[in-house]
Amino acid sequence: MNVVRLILAEILHRRFNFFLSLLAVVTAVALFVGFFTTGEASERETTRLMRDIGFNLRIVPKETDMERFWAQGYSERTMPEEYVQRFAAKENISYTHLLAILQKKVSWQDRQIVLTGVASQEVLPGGQKKSPMKTVYGQQGVGIKPGAVYVGYEIAKALQLKKGDTIDLLGETMTVAACLAESGSEDDIRITANLADAQRMLGEEGRINEIKALECLCRDENADSIDVLRTQIEEILPEAKVTQLRVIAKARESQRIMIEKYLAFILPVIVVVCAAWIGVLAMINVRDRREEIGILRALGYGSFRIAVLFLGKAALIGVLGAVLGYLAGTGLALRFGPGIFKVTASGIAPVASLLFWSLLAAPGFAALSSFIPTVTAVTQDPAITLRTE
Amino acid sequence: MIRFENVSRIYRTRRGEVKALDNVTLHVEANEFLVVRGPSGSGKTTLLLAAGAMHRPTSGRVLVKGDDLYAMSPRERAAFRARHIGFVFQMFHLIPYLTVLENVMLGGGAVASRARREEATQMLERLDIQNRESHKPAELSAGERQRTAIARAMLGRPKLILADEPTGNLDPENARQVIERLSEFHRDGVTVVVVTHGAVADQHASRIIHLAQGRIAQEAKRG
Numbered sequence: 003m004n005v006v007r008l009i010l011a012e013i014l015h016r017r018f019n020f021f022l023s024l025l026a027v028v029t030a031v032a033l034f035v036g037f038f039t040t041g042e043a044s045e046r047e048t049t050r051l052m053r054d055i056g057f058n059l060r061i062v063p064k065e066t067d068m069e070r071f072w073a074q075g076y077s078e079r080t081m082p083e084e085y086v087q088r089f090a091a092k093e094n095i096s097y098t099h100l101l102a103i104l105q106k107k108v109s110w111q112d113r114q115i116v117l118t119g120v121a122s123q124e125v126l127p128g129g130q131k132k133s134p135m136k137t138v139y140g141q142q143g144v145g146i147k148p149g150a151v152y153v154g155y156e157i158a159k160a161l162q163l164k165k166g167d168t169i170d171l172l173g174e175t176m177t178v179a180a181c182l183a184e185s186g187s188e189d190d191i192r193i194t195a196n197l198a199d200a201q202r203m204l205g206e207e208g209r210i211n212e213i214k215a216l217e218c219l220c221r222d223e224n225a226d227s228i229d230v231l232r233t234q235i236e237e238i239l240p241e242a243k244v245t246q247l248r249v250i251a252k253a254r255e256s257q258r259i260m261i262e263k264y265l266a267f268i269l270p271v272i273v274v275v276c277a278a279w280i281g282v283l284a285m286i287n288v289r290d291r292r293e294e295i296g297i298l299r300a301l302g303y304g305s306f307r308i309a310v311l312f313l314g315k316a317a318l319i320g321v322l323g324a325v326l327g328y329l330a331g332t333g334l335a336l337r338f339g340p341g342i343f344k345v346t347a348s349g350i351a352p353v354a355s356l357l358f359w360s361l362l363a364a365p366g367f368a369a370l371s372s373f374i375p376t377v378t379a380v381t382q383d384p385a386i387t388l389r390t391e
Numbered sequence: 651m652i653r654f655e656n657v658s659r660i661y662r663t664r665r666g667e668v669k670a671l672d673n674v675t676l677h678v679e680a681n682e683f684l685v686v687r688g689p690s691g692s693g694k695t696t697l698l699l700a701a702g703a704m705h706r707p708t709s710g711r712v713l714v715k716g717d718d719l720y721a722m723s724p725r726e727r728a729a730f731r732a733r734h735i736g737f738v739f740q741m742f743h744l745i746p747y748l749t750v751l752e753n754v755m756l757g758g759g760a761v762a763s764r765a766r767r768e769e770a771t772q773m774l775e776r777l778d779i780q781n782r783e784s785h786k787p788a789e790l791s792a793g794e795r796q797r798t799a800i801a802r803a804m805l806g807r808p809k810l811i812l813a814d815e816p817t818g819n820l821d822p823e824n825a826r827q828v829i830e831r832l833s834e835f836h837r838d839g840v841t842v843v844v845v846t847h848g849a850v851a852d853q854h855a856s857r858i859i860h861l862a863q864g865r866i867a868q869e870a871k872r873g
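Keeping their order, the protein sequence lines are chains A and B.
Residues 3 to 391 in my numbering are what the first sequence spells out, letter by letter.
Residues 651 to 873 in my numbering are what the second sequence spells out, letter by letter.
Worth flagging that the hints you see were computed from the coordinates, not collected in a lab.
There could be a bad hint or two in this list.
Some chain A residues close to chain B (C-beta under 7 Å, calculated; not the full set) [to be verified]:
#1 Ala11
#2 Glu12
#3 Glu241
#4 Ala300
#5 Thr381
#6 Ala385
The C-beta atom is built at its ideal place from N, Cα and C for all residues, glycine as well.
Using the sequences plus the hints, can you model the full thing?
Written as structure tokens, this is what we have:
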């Protein structure tokens with residue numbers, strides 16, 4: 003008698019037990035797949051939201067007078083623009099974005115404005131450059147095209163500027179790409195231009211006066227220490243120094259730790275609950291099949307073949323559960339993910355590799371959960387069953 | 651065929667020790683039809699299971715065809731059972747989700763093959779239940795279930811059949827038919843050991859032993 007036929011016939015006979023066991027695996031796999039499918043979107047979303055709050059690390063020229071820096075909002079000194087790439091090449095420092103900035107207060111049209119040049123591309127870890135962003139955040143434009151400017155609210159209002167107007171700015175003709183909404187901050191008197199344009203207008207070609215880093219953390223065990231970051235950055239940027247916006251950094255760190263703790267708690271709980279669920283059902287199955295085990299023993303079935311009956315069933319439940327769980331988890335992520343992660347909703351997509359990992363892990367998980375019941379079945383004394391039945 | 655040498659089986663319970671078999675020595679010849687009788691708790695089933703390599707005695711040796719069953723490894727014992735021993739039980743112990751034919755094919759060592767299927771079909775014909783081969787046990791009468799169990803026990807043509815109260819759940823007519831079937835196999839050269847309360851098998855027996863309190867209290871040769 004074929005073992006596979008025995009397993010399938012038993013499954014058909016005890017459909018409810020099979021269904022409940024399958025449900026346990028489907029639940030576990032679906033939750034994992036759902037978490038991981040939306041995980042990347044969650045990470046991107048967090049980054050975007052945190053970026054909107056502001057950058058946490060500001061790297062300024064070494065000779066900067068910090069009292070004047072805080073009073074003016076920028077450094078009067080400059081440093082080489084290539085520091086951005088040098089910073090990006092440094093290992094042991096993690097960050098999500100670097101932004102090179104040159105800004106200065108200048109007189110224009112009988113008024114004081116802040117002219118800010120922002121690099122047209124953000125630098126990602128490893129030194130890769132990222133395509134210009136379409137968004138404007140913190141009232142700083144990123145990805146401003148050469149020849150274009152964003153005009154702060156007060157300037158636009160006073161000079162009656164609107165989108166598409168051209169202005170003569172420090173000897174350069176620029177097009178108004180956008181007039182920004184009132185911010186209630188210094189940004190209202192800021193004109194933001196492409197970094198190269200600003201460098202030219204200010205006579206500071208190849209120079210910047212600040213690098214802003216988003217979610218910058220030292221990968222050292224004592225990652226929270228600004229001193230470690232300072233030491234590392236000073237090694238590579240001798241003409242620079244670092245200041246950290248501690249409140250933002252702290253908030254980011256707290257959020258990251260909270261999410262990690264939450265996942266570290268919830269995922270093992272799911273695994274343990276589902277394993278116990280499968281284990282209990284497998285134990286019930288063994289009890290229901292005491293007579294069957296006894297007779298198979300009497301017919302000469304050895305421990306291995308008896309174990310194969312139970313572990314084979316568990317593995318089959320695992321394979322089916324992996325496929326169904328993957329489909330359910332992906333479906334849930336696609337259905338509800340965009341509602342939760344509104345900013346990066348378009349990035350939520352099925353992750354095919356999760357099916358592979360589910361198919362690899364779920365049968366093992368189900369078999370492992372059924373291990374104790376299987377041992378009970380194998381070590382059960384058939385004589386007791388056959389004598390008492 | 652079977653040799654019990656000073657076999658004892660003691661169950662230890664909270665209320666003390668129970669001697670199911672008490673220093674039993676017994677020799678069952680090849681092609682013998684042995685009937686074992688005795689009241690409940692006299693040790694009949696324990697004796698049968700010990701002879702079937704299913705229940706290790708507390709002391710003594712059980713030899714079948716010259717092999718000491720409990721000197722073997724569990725795997726060897728399982729293989730030995732599959733090759734040489736067929737079991738028939740009072741409760742039939744058919745697997746409820748398999749058809750009659752599939753239940754029969756479980757016998758004889760779990761080797762699935764076309765020859766095994768043909769043999770199973772022949773066995774069903776011999777026991778007059780070929781028309782039930784695709785039925786599930788729940789759809790059979792008690793007599794048909796027991797005949798299915800006998801067919802399963804005989805698959806692979808074992809030389810020893812151990813039957814534990816095979817007529818216990820049957821009406822007199824079905825009980826008679828079942829014993830007749832066992833007797834047919836006995837005539838074909840199979841050694842049959844039947845444990846029973848009643849006298850239904852007596853007329854086919856070559857020997858009858860009575861067990862009482864784990865000991866052979868009485869022994870009678872027939873024919």
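Status of each hint after checking the structure:
1. Ala11: Hint holds; A/Ala11 Cβ to chain B Cβ min 5 Å, cut 7 Å.
2. Glu12: holds, 6 Å
3. Glu241: violated, 78 Å
4. Ala300: holds, 4 Å
5. Thr381: violated, 10 Å
6. Ala385: At about 4 Å, which falls below the 7 Å cut-off, the nearest Cβ of chain B leaves the hint on A/Ala385 intact, so it holds.
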